[in-house]
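Dock chain X against the given chain P, drawing on the hints supplied.
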Amino acid sequence: MDTQSQVVSRLRSVFASGVTIPEEFRRAQLTKLMSMIKENQEVIVKALHKDFSKPKFEAILSEVEIVVNDLHYTISNLSSWMKPEYVSKNLATKLDTCFVRREPLGVVLIIGAWNYPVQLILLPLIGAIAAGNCVVIKPSEISAATSSLIAELIPKYLSQDCYAVVTGGSEETKSLLQNRFDHIFYTGSQTVARSILQAASVHLTPVTLELGGKCPCLIYGRIDMPAAARRLVWSKFFNAGQSCVAPDYVLCSPAIRDALLPVIRQTLEDFYSKEPQSCPDLSRIVSPRHWTRLMELLGKSGGKVVIGGESDEEDKYIAPTVLVDVAEDDALMKEEIFGPILPILTVESLQEGIDFMNRQERPLALYVFSDESHIVNTVLENTKSGGFCSNDGIVQMTLPTLPFGGIGASGCGQYHGRWSFETFTHRRGCMLRGWALERLNTLRYPPYTESKLSWLRWSTSPESTCSLM
Amino acid sequence: MNENDEWYRFVFKMSREQLVVQQARKSFLTGKTKPLEFRIHQLKSLLRFISERRGDITDAVKRDLGKSEKGTELFETLGLEGEIGLAVEKLAEWAAPRPVEKNLLTITDEVYVQPEPLGVVLIIGAWNYPWAITLQPLVGAIAAGNAAVIKPSEVSSHSAKVMEELLPKYLDKDLYPVVTGGVAETQELLKQRFDHVFYTGNSTVGKLVMEAAARHLTPVTLELGGKSPCYIDKSCDISVACRRITWGKFVNCGQTCIAPDYILCEPSIQSRVVEEIKKNIKEFYTENPKTFEDYGRIINQRHFKRVMALMEGSTVAAGGDSDESQCYIEPTVLQDVTGESKVMKEEIFGPLLPIITVSGVDEAIQFINEREKPLVVYVFSHNNKLIKRVIAETSSGALLANDCLVHFTVSTLPFGGVGNSGMGCYHGRHSFDQLSHLRSCLIKQLKMEGINSMRYPPHTAKKLGWARFLLLKRVNVCKLRRMAMLAMLAGLASFVVQRFLR
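So the sequence lines, in the order shown, correspond to chains P and X.
According to numbering that gives the first Met the number 0, the first sequence is numbered sequentially starting from 0.
According to numbering that gives the first Met the number 0, the second sequence is numbered sequentially starting from 0.
Chain P extracted, bound-state conformation:
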């Protein structure tokens, strides 16, 4: 069994051989990845169910279909993404060929997370393969069943020379990071992200960090309450709230809160029945440790539980829970909740809501529910977040054409679709000059004179072409 360093240096020699570069190779590997998912849909769903009782519907939509969709998109666009991009020039370089070439980085590392263990490994992997790299894949040990399934399936379908899966916990990850990679793609927490950045700086390795944060959901103004409640409940309790883009907390006026609560209650009943614990469409918490963390948060909170609150330790079950009278310094507001607990905080005005959100760290996503477009625009223009969605939650990440990533504490870099390809690509500026017209070049050689300077000023400006035409 190879050590980690042996794996990395083996991949490095494979990359140097150039086998991952041709388009046919990349396309073939992506097609095999597609087969891997389609042929193993059932076992993937089963493994996800084992890890956190993920309902089949959620598993298929958020782990299988989203990957298949990205694969289709990438495979059909790969040729055009790989083509050299010819760029416009100035007069001095008019006769030259200038283009940007997309080149692979080399050997890249993808570290997955446990909440969407398939998607969070495979979506970046699609980009890394499409861009022509060799990849080391490190799935999260917390989603144990799914991660071991991935470790088993990838070598069966993809080239074992070019793509290696490394398993293990935080110790193994730490030692893996001592190796030199050409890019590190990490999904997870801020704390670990810091140590990854530190390790990367030793080798000047660029990183993409997909972190989390508390995604606020502001509900304001005139509003279609039932529609808003359904979308809010769906996006909050999908995967039992364990989504990095789940609405973490709600901000609204006391009046909206009072109108919203009964509708949320009804919606929860419509979705998960009167006995959510026995409903197959509700997930569980991923591990006893996370269950305990959430229960402790609930315990420390000064808010009042108005919906739910039930739990079952053995089952790792927490009922969809809503709290009111939560203050800004409440325990539930000190960290990303990542669970089926929804605090509702009240604000008296739109500005107060905006100021509140701006006082917190920049989130991965920011949501506004309102039928009034000027309110949506005001929030959009006066806040910062990785992504923004009005009148819905989570769905902004299903579009492979939208860049998915954070800002500030929620991360750096973006992916999905072409953005994944670009993440694992070096854009190399290429210029091929001619040999003729050497006399023109004398303008730039010493001795420097005023007239030479004027000619150069004119010929190197971007407008010079227009004035000539």
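To be clear, the hints were calculated from the coordinates, so they are not data collected in a lab.
Since we're looking at a predicted model, the values are computed, not measured.
A virtual CB, placed ideally from N, CA and C, is assigned to each residue, including glycine.
Treat the hints with care, since some could be wrong.
[To be verified] Stretches of chain X that chain P covers, calculated by requiring three or more beta carbons in the stretch to come under 8 angstroms of a beta carbon on chain P:
(1) 59–71
(2) 92–103
(3) 214–220
(4) 397–403
(5) 412–423
(6) 442–451
(7) 456–466
Only chain X this time, still in chain P's reference frame:
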């Protein structure tokens, strides 16, 4: 810093750097930089600064690097003026929302990417082109709507002083403060929280900058260096090749991050190469470069000693003369250098041009690939196949065939390194994008709730089928429009036939 600031700092036990960053952030949060008119106004002021203070700038560079006035204009201010002009012209286009393809579920929604400012950016400049390298990132920072703390290199001390004194007279001094100082001040700055750090310099310090930024999870752009190789194909026009290489190498006394660091060529042409370079040195810099206005100096004693020491153990084929009191090193060519020579152990960043002989392009490619990825690979050849091979089989920030340096002037090409030579890129629109956050925006209505119900529990197989279709199938809106157009035309045609041609 005025009296009030000093008092404030004393009371709150803040360092000068902390206060400056805090003020920049406060000013940024007022939203002043959002309107494009404000940004354009600042950019135009920057342009005015360069033209009105040309004398101060060229004077400072002369004292720092011994560069002539025209040399400064050519290599520092000309490019800057171009970048500013481009940003002013294109800002509205760059800053506009960028629509993206939708899926069926979002077909009636607005889906786009909105470029937004990052916040407060730190720009750490370098000493070799103290104005171009410090102010070009600033153009991008201002255009993208950020505040920027500018830290010019203390090594080019005259330029730093002039920047500190004069820039606040043209730019908003809270939003774009200049902070001077050495290592201690830079470290203090790096303790503060920025939304992006843009550093130009060497790889060693680059690692430290990245590490410091890691504490705040701050993204970085690192424009570093490396040894940019230059391969000369033996069957090319050696006279023209050497002319261009001589120019590229000895501009700014070799103190250019993209200077051709060393030459690779076959032994049969080495002496011809040496002769041609000698000839061009004489033509460009006269018999006595020391007295020639358009030949510069090494920045300081430390670098002078460093570069002189690199010559150890190598054969001088041309030049070699030096004068420590003036930090003068004659344009020098070294021949029969090997991979193990002292001069090959680090980026030269001086007017020494080593020639290493290789058996051909295969060995040259191998030699290049054994080393860290450089900022640029140069290849001189008439053979396009050979050039294509070098492109395909090496990796570098950029590749330039048959000339040196000039790719820098094409603002549509992303300028940056890879691996040890850096991360991120800039110039033109790339500066704007590098210092922006591209925020994905999905603007939905609360209507059409019926379709949404496909995704809500209780889950059924039928709902799953619909959800898959609506949520995940992408739609080519143009195709739909075209189809609708065709259908309309067909309808119109049939109407015309029925009405008029019966």
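Legend entry - Assertion that chain P covers the region 214–220 of chain X - criterion: three or more residues, beta-carbon distance below 8 angstroms: Coverage by chain P holds here, the residue count being 3 at a Cβ distance below 8 angstroms.
Legend entry - Three-residue Cβ test at 8 angstroms for the coverage of the region 456–466 of chain X by chain P: holds (count 6)
Inset, instruction - Would you check chain P against the region 397–403 of chain X, counting CB to CB pairs closer than 8 angstroms, and say if three or more residues qualify? - result: holds (count 6)
Inset, instruction - Mind taking a look at whether chain P covers the region 92–103 of chain X? Criterion is 3 or more residues with CB to CB distance under 8 angstroms. - result: It holds: at least three residues are needed, and the region 92–103 of chain X offers 4 whose Cβ sits within less than 8 angstroms of chain P.
Inset, instruction - Apply the coverage criterion to the region 59–71 of chain X and chain P: a residue qualifies when its Cβ sits closer than 8 angstroms to a Cβ of the chain, and three qualifying residues are needed. - result: With 3 residues closer than 8 angstroms to chain P, the region 59–71 of chain X meets the three-residue bar; holds.
Inset, instruction - Establish whether the coverage given for the region 442–451 of chain X by chain P is satisfied; the threshold is a Cβ-Cβ distance below 8 angstroms, and no fewer than three residues must meet it. - result: That given contact holds, which follows from 7 residues of the region 442–451 of chain X lying within Cβ reach (below 8 angstroms) of chain P.
Legend entry - Three-residue Cβ test at 8 angstroms for the coverage of the region 412–423 of chain X by chain P: holds (count 9)
The structure is consistent with each of the numbered hints, conforming to all of them.
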